[in-house]
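The chain contents come next:
There are 2 protein chains.
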Amino acid sequence: MKAVVLASGGLDSTVTAALAKREGHELYFLTVAYGQRHEIEVERARQIARALDVSKHIVLEMDLRAIGGSALTSDQPVPKDRTESTRERSIPSTYVPARNTLFLALALGYAETIDASLVYLGANVVDYSGYPDCRPEFLTAFEEVARLGTRAGVEGKGIAIRAPLLSLSKADIIQLGASLDVPFHLTHSCYDPLVSGLACGRCDSCLIRREGFRAAGISDPTEYAEGHTS
Amino acid sequence: MKAVVLASGGLDSTVTAALAKREGHELYFLTVAYGQRHEIEVERARQIARALDVSKHIVLEMDLRAIGGSALTSDQPVPKDRTESTRERSIPSTYVPARNTLFLALALGYAETIDASLVYLGANVVDYSGYPDCRPEFLTAFEEVARLGTRAGVEGKGIAIRAPLLSLSKADIIQLGASLDVPFHLTHSCYDPLVSGLACGRCDSCLIRREGFRAAGISDPTEYAEGHTS
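Top line first, the protein sequences correspond to chains A and B.
At position 193 of the first sequence the residue is numbered 196 (our numbering), and the sequence of numbers has no breaks.
At position 103 of the second sequence the residue is numbered 106 (our numbering), and the sequence of numbers has no breaks.
Any given hint could be a false lead.
Which copy? The list can't say, so a pair holds if one copy fits it or any two copies do.
What the hints assert, rightly or not - Taking lysine-lysine pairs in the DSBU-like style, the calculated list, with each CA pair at most 35 Å apart, reads:
| id | residue 1 | residue 2 |
| --- | --- | --- |
| 1 | K5 | K83 |
| 2 | K160 | K24 |
| 3 | K24 | K5 |
| 4 | K160 | K83 |
| 5 | K160 | K5 |
Calculated directly from the structure, the hints in this document are not laboratory data.
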């Protein structure tokens, strides 16, 4: 079956894609280049698409900096060195307003166009850093939008949204990825990489990744600018 | 109150904006330049923004031609000379996959960023040419997405979606617009304009517009390439 995968170049979307592939689906990658600080993600997504031998990979340019509102697309500083309790107190500044709604809308349009009936998303509720649009109730609401707002939903077989990592811990995701031979070395997690592409090691995303590899007992091939290597 | 208006440069979104302005809201226009054939719309949206004295107008570039799937963004021919019964039999090829979901997602992100609690959309169910994402049940489902998938919905006052023209006929919309002094001459409806910008007069959108002005008993300032002027 044809499946659109929202591929960010990150760990979660890559494990999600590998899972969709193992389930026997034909993969169609959609990556949104939205003016994020960590544009290296887009290049990594291309490499991952090749590694997973996808049928097609579309990179959509859309400059969300025109809208702003997030530390990932503006000059606001990316928070560093936060602990789990600081992280969970509120929705962080790295939240990009309505990003998953937007990405899912794009994936939905792409799925309709190629007649795919599945959209895969790497959303995760456990390590989601407080993003409202990574919660199961949000995804259920979006499926209703997909059912009512598309030709496929009205006339056809519909388009299901799958977020298979939703309730997994980062360590579980990494263990799953290892069992699927995910090319971890190609995945990028850092919100605030150095010009060289080196991961900062201190943003929420780096901290969650490092802790995840540690807890999974698997070695993280990422080179970090700061802190002890995991 | 701050209100984001999805401004396409067309008739419906302009009447919607004029209505939001009369209700006393501060207008923030969002126009998506999505590689549509009728890019003249974007220029018209700019002129309308000036005429309505909006607080800000963002034009977001996003090339949906990478995704394709619609006569409005690809080389498929735009249907011409269809009657009401031919039009309503199926979802037309000018349907852009998941377009309103996408536009609403962008408006939602923009509304969150500027702390607006309203998003206005010119969707219309009467003359909607069979687009699934112009139906009231779709909009209700999207409001749920807005409630669950945004910071404003989770922590704040929420963001309401308003589509005040939803159940009006085109003639009603035009009469409403006339009462609000809408600059009809700036609005563009044609799906397939000539290089000169002249409206074709024969696509669904031109036919619905012309019939609307006729039924409203108001003169349409549009110059058409073909057919008798209304």
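* Asked: Failing hints, ascending?
  -> Violated: none.
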